[in-house]
Amino acid sequence: MTDKRLDSSTPDEPSGFVRALDERGDATVGTVGQGLAPATTRRANPVSRLIGHPAFGWIVIALAVALPFINSSAYAIRISTDALIFIMLAVGLNVVVGYCGLLDLGYAAFFAIGAYTSGVLSTTFGWPIVLTVPFVIVAAVIGGLIIGGPTLRLRSDYLAIVTLGFGEIIRITANNLDFTGGPNGVYGIPDFGDFGDYRADIATYWIVVVVVGLAVLASSRLGRGRLGRAWRFVREDEDAAEAMGIHTYKVKFAAYVTGAIFGGLGGVLFAVHQTAISPPSFNFLFSALILMAVVLGGMGSTPGVVVGAVIISLLPELLRGAENWRYLIFGILLIVVMIFRPQGIWPHRTDEKPARGGRRRSRTDATEVSQ
Amino acid sequence: MTSTAFSQSGTRAKAPVLLHVDGLTVAFGGVTAVNGLSFDVHEGEVISVIGPNGAGKTSAFNCITGFYKPTAGRILFDDVDITGKRPALIAARGVARTFQNLRLFGELSVLDNVRAGMHVRIRQNAFDAILHTPRYRRSEQEATDEANRWLDFVGSRGNRAAEVRNLPYGEQRRVEIARALAREPKMLLLDEPAAGLNHGEKAALLDLLRRISDLGTAVVLIEHDMGLVMDVSERIVVLNYGKEIADGTPEQIRSDPAVIEAYLGSDDAEAQQEAERVAHSSDTGGFHDLPTPEEER
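Same order as they appear, the protein sequences are chains A and B.
Counting from 1, position 357 in the first sequence corresponds to residue 563 in my numbering; the numbering is continuous, with no gaps.
Counting from 1, position 11 in the second sequence corresponds to residue 695 in my numbering; the numbering is continuous, with no gaps.
Simulated from the structure, these hints should not be mistaken for laboratory data.
Any given hint could turn out to be false.
[Stated by the list, open to error] Result set (DSSO-like, lysine-lysine): computed pairs, CA atoms no more than 27 angstroms apart in a straight line: (1) B:K870 - B:K886; (2) B:K870 - A:K456; (3) B:K753 - B:K927; (4) A:K456 - B:K753; (5) B:K870 - B:K769; (6) A:K456 - B:K886; (7) B:K753 - B:K769.
Computed from a predicted model, the values in this text were never measured in an experiment.
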């Protein structure tokens, strides 16, 4: 029959897989297909069971809170506070880059806006730091609107270039304005307050633990809700998302502004922790390091990004023994990790787990998945 | 074989007009992809848009769904002018579509893909998500239940928690239709849903199209598979070189000289007979492989 002959020459001819499906029934072949799928399902070795346990996050937080009792040296507290602030920035950038797929090369700009807003208000007007927080949020949102408004209509490559420029503009502006202290920056930024018997740096550390802990939780939960899903839809396919009624411009804007707020709040913590800030702290290298933490840890994965941030901020300290070689070794280690684990150290898992009795109630969204 | 279940166009045609396309024209530089196209879709109707490759079918679809800005013409949906509106706004009004080449969210789970269709209906805000309010839990549960219902409706049997890109092709097609249905559209635009499907899968698609129509959803189909088109359509619009050359019931389209000419050229009498034969054949395949005037843009 002519049609048959014509059929067999079509480019749309069903693949062997589809034909097998037809002949042998979906169930059998479908199962085989799952076996062929990339290994997204992880074997339950003791390590993955431990880190997958719902209590694991609480154990990490408990350890973070307990740190001053284990080692209260000024050095340990300082680098731990630095690492925590870096985690805050990394989870903030993860919203922009990991969830929404917008490449932001100037994220340190929001960090600078937060640090300077808080620093200038507290030193010039003598305000307590807590009072500056609402202004920091407003300033970060305005910064996000100014840069995001015109550029989020662009597709990724252009956005990367514009954000790169924005990062430099903020730093150079801070370097040249009088009220930001020019190249000297702002100094004498006050602590969060008086905490009686506790050392000021330890009190600051604990506040940072609480704020960063909440930020990590918030960004993780945001990523699982309606808005978080919309971010991922935009990352995966902007046109298809638009066809489903998702206003992609607004959704990207929300990601960008959320990232800006995280960055701004991170800046407040940084200003208090350092007590003095100056423009070189907010250079391009810093933006690149935050991005590196996100990519190294696993884009879109909150625990991964936290791990990435800890590694990026603490590894140079641990490599101090190597003296002048330490940044070379740091670089080589990063390259090695990305070669052997391009998806990141702790990549995002797509698979939703069917809810089980002992699981947290927040996972109810995964019920009935396998019928 | 002519379907009787769907040839009650007499009654259906009296339904109110849902989509009104008037003088739609799209030009890319010097090329006019769609040239003065006018047609109506009534509520709950199943119509097909056919034509050789490059006839402007997909371009017309892209205009209706807002992906292209028309050069001229007007598009009314539900009595509201949607000409040149943003795709998201048109989708929110109740127009859902699938794409000629699958456009699923590859790295996301099957369930998440279907939840995309419900996005505009899920009632929760960012603070609900951060605080895990009762409203968040309720809306997530509802979304999951509904996603499962739509996947059942299209007959998807794969692992719904797995990444959608790991599913076989036919399953992915089903998920894409489930995602569009989850939008609960008044009108569903399907761009070559049968492409790449085998006979069994095509039969399942035909059944699915009928069940979608039973929901009261208007279906506009771009399809090369004549067997499917003739079987399911109440009305067929034929395009060639961006112009509408015929609009009528499957019976009228089969015997329309302009349609036969468009597919095979008018001079070749033998070819004309062949075209009629193919048009009357109920077998799948149909015009699919016949010579085309120009390549698909």
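Hints numbered earlier in the text: which of these fail when held up against the supplied structure?
6
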